[in-house]
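Those protein sequences? They're chains G and P, same order as listed. Mind the numbering: the first sequence is residues 1054 to 1558 in the numbering used here, read in order. Mind the numbering: the second sequence is residues 177 to 429 in the numbering used here, read in order.
For the record, the hints were derived by calculation from the structure and aren't laboratory data. Misleading hints may appear alongside valid ones.
FRET-style restraints, in silico, Cβ to Cβ [what the hints assert, rightly or not]:
| no. | chain 1 | residue 1 | chain 2 | residue 2 | range |
| --- | --- | --- | --- | --- | --- |
| 1 | P | Arg262 | G | Trp1472 | 26 to 32 Å |
| 2 | P | Pro258 | G | Arg1072 | 54 to 60 Å |
| 3 | P | Leu287 | G | Val1201 | 58 to 64 Å |
| 4 | P | Pro369 | G | Glu1379 | 40 to 46 Å |
Below, simulated EDC-like cross-link-like pairs (lysine to aspartate or glutamate); rule was C-alpha separation at most 20 Å, straight line [said to hold, decoys possible]:
| no. | chain 1 | residue 1 | chain 2 | residue 2 |
| --- | --- | --- | --- | --- |
| 5 | G | Lys1361 | G | Asp1328 |
| 6 | P | Lys196 | P | Asp266 |
| 7 | P | Lys363 | G | Asp1184 |
| 8 | P | Lys304 | P | Glu203 |
| 9 | G | Lys1361 | P | Glu203 |
| 10 | G | Lys1361 | G | Asp1476 |
In this text, all values refer to a predicted model and were calculated from it rather than measured experimentally. A virtual CB, placed ideally from N, CA and C, is assigned to each residue, including glycine.
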Amino acid sequence: MNDALFAPLRNGQALSLGRVPDLAPAEFRAAVVGAVRDGRRLACLCAGPDLDLYAVLAGDRDGLLLAARTRLDAPRYPALTPDCPQAHLFERELAEQFGIVPEGHPWFKPVRYHASWAPGRDAWGRTGPIDPAVTEFYQVKGEEVHEVAVGPVHAGVIEPGHFRFQCHGETVFHLEIALGYQHRGVERALAGGPRPLSLKHAETAAGDSTAAHAWAYCRTLEGLAGVGVPPRSDRVRGVALELERAANHTGDLGALAGDVGFLPTASFCGRIRGDWLNLTAEACGSRLGRDWLRPGGLRFDLEARRAKAMVERLERAWADTRDAVELMWGASSVLNRFEAAGAVDPIQARDVGLVGVAARACGIDQDVRQDHPFGPYAEHPVATALAESGNVHARAWVRWMELEESHRFLRSALESLAWGEPDPRPGPLPPLAPEHLCVALVEGWRGEALHLAVTDGQGRFRRYKIVDPSFHNWFGLALALRGEQISDFPLCNKSFNLSYCGHDL
Amino acid sequence: MIHILLSRWRQGHRTLPYPKTLPALPERFRGRPEFTKGACAEDCRACAQACPTEAVRLGPEGLRLDLGRCLFCAACADACPPQALRFTGDHRLAARLREELVQSPDQELRLAEALGRDLRRVLGRSLKLRVVSAGGCNGCEVDVNVLGTLAWDAGRFGIQFVASPRHADGLVLCGPVTANMALAVRKTYDAVPGPKIVVAVGACAISGGPYLHQEEQLGGAAAAGLPVDLFIPGCPPHPVTILDGLLRLLGRL
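Isolated chain G, as found in the complex (with noise of 0.2 Å):
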């Protein structure tokens, strides 16, 4: 094992700087290489603003982050991507972002569409405008075979991206996505930060994941402030955070049963959606619980009595909600729509790193609350949801058993949040600890959130990076459209049900 050339760290701990291993480029490289072998994962691979370069891994069985930098003496070096496919969209992104080419990536093409930070380093030596998804697509070539391309602007009510499908009638052999459009500078306005917005761009940088997010940057920010949350104000995230799940699985699966024609369970779970959005809205004033977290504790405590009368609420939405997504279980016609498609290979899963629903119904154990508990969920754990297909009907089954924790998770916190008094709203933090790094995992409703702060001297973020599960599973989708129909690509979408948004930052 590799483990020992990097820094062990826990969930939210802020480590010194100094204390983060520096190794030399060629070491680094083949340490993360290593531990990924090893079965470590690649949670982060980032820049920042002075050549250097961070990985966090994640030791999924053990609980620990491991932290690892470099610095580099030019803005080259060889890429990890080759013996490291979990790398693959992180090399291109710092690429994009600091002007830094990771030497032999195979797939060497913006991820995002921007300019580069660094001024007058382009990795790609571009000097004009940069027009989005304008890249050399993969193409096959033969007779009969068709390029289709969709977006940004596609026939559906859904953000923007574009995908290329090359197909032999209607078989995918391949599907590029290349997205970017949502680009609207969420790191580059953290950097810099805290400052008043900080945690609005948290909020919104996926902003149907708003406690997970929020929450990740909360903790970010009081690991470096070296501030404790109050058990009950923990609790009160967990509501949040499952609150949040629960919305956005009852409105998956009822649109994956529309997908397939199913319409009854489509059109109940598309209002049930909004009664989990509600109880939210009890909870904080908002559907999407803007301004219920704030760094040290809540904005919104949940009162005693708030809390009682959540969990009638709660019970109503709970039953709604079963009712309407049983009937969809027993439906021969959508199970068999469902097993058919949209499957992905679990070794394949594994090797570019899929995390949260899409991991896990490749079989993958994997789950923040359960590998590196945070908040309430050492105390009361979920037991995290598994099933081994890989295809559309693991992905939505896994959303079920899911959504099932989620409940029982809320009725015992509410019911224990029915008692006591509520935490004093915080005050603001004390100063950050200077030249320090931290990371902070959240498990959203779509997997792992991950923020990783790096502060100067004066406590401020020298580098704030974000990577939401999206950016993680967008190849996933990719994976699982192929040799599939393409008429089956809106089903397979809504399995994964990615964010654009929260991809593109």
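Chain G is already provided as a structure; the job is to place chain P on it using the hints.
Here is chain P on its own, set in the frame of chain G:
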């Protein structure tokens, strides 16, 4: 089949009776802000300093709150020592003109007026809209989409969200319009046959919202060159706020 019928019976009819009765909004819902006139202490700038998007300003003409920039985080109200500023439960926020979103203690918010007679004759009973997300966080998008579910059933009012701009009478724009979406937004607008309308939903689409200082975006629909007919503030606006705006535009409220 029998299970579907039983479920249908159990789940019942749940379309909200809006606009006949207003759905119960949560106690902590933050709607239209309200000022207590003359309560401000001399030289106090607490609200303006607390606002993360400079929506609250204290200029020579006094206090101004720009709903187009407001994220309804209530940091201003929290910071106000005499509590001269508070967020009410009033969900009606939409306006026809950008400058009407700038509120002052002496001026009531002028709610959106209906479209002119000619336009109403064409669009009043059937309004098909294409939603375009241009750097939105999927917050406004989901709360617009929700109007199509059977809880709100916007189809009752002839309002429908369609998949193609060719089938649409107008655009609903979410997000600050990223530089990377500017061309696509323009092309989508051009693809909508006239007469057409543009609705800007959420702080991002009105002013850039939390991203107003980022050069990766243009600062909303109007800044991107679209003629906006309706501005619906919020981060994101509640579905009832969006529906209220659309119905006012059609002269149905």
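The hints, checked one at a time:
1. Judged by the Cβ atoms, the range 26 to 32 Å given for Arg262(P) and Trp1472(G) holds: they are separated by roughly 30 Å.
2. A hinted range of 54 to 60 Å is violated for the C-beta pair Pro258(P) and Arg1072(G), which are about 49 Å apart.
3. A beta carbon spacing of about 46 Å between Leu287(P) and Val1201(G) contradicts the range 58 to 64 Å that was offered as a hint.
4. Roughly 44 Å separates the CB atoms of Pro369(P) and Glu1379(G), a value that falls within the hinted 40 to 46 Å.
5. Taking the CA atoms of Lys1361(G) and Asp1328(G), the gap is near 17 Å; set against the 20 Å cutoff, the hint holds.
6. As the CA atoms of Lys196(P) and Asp266(P) are separated by approximately 16 Å, the hinted pair is consistent with the 20 Å bound.
7. Proposed proximity of Lys363(P) and Asp1184(G) is supported: the alpha carbons are some 15 Å apart, at most 20 Å.
8. Annotation: proposed proximity of Lys304(P) to Glu203(P) is violated, straight-line Cα distance about 33 Å (limit 20 Å).
9. Annotation: proposed proximity of Lys1361(G) to Glu203(P) holds, straight-line Cα distance about 15 Å (limit 20 Å).
10. The straight-line distance between the Cα atoms of Lys1361(G) and Asp1476(G) is roughly 17 Å, inside the 20 Å bound, and the hint therefore holds.
Checked against the numbered hints above, the structure violates hints 2, 3 and 8; every other hint is satisfied.
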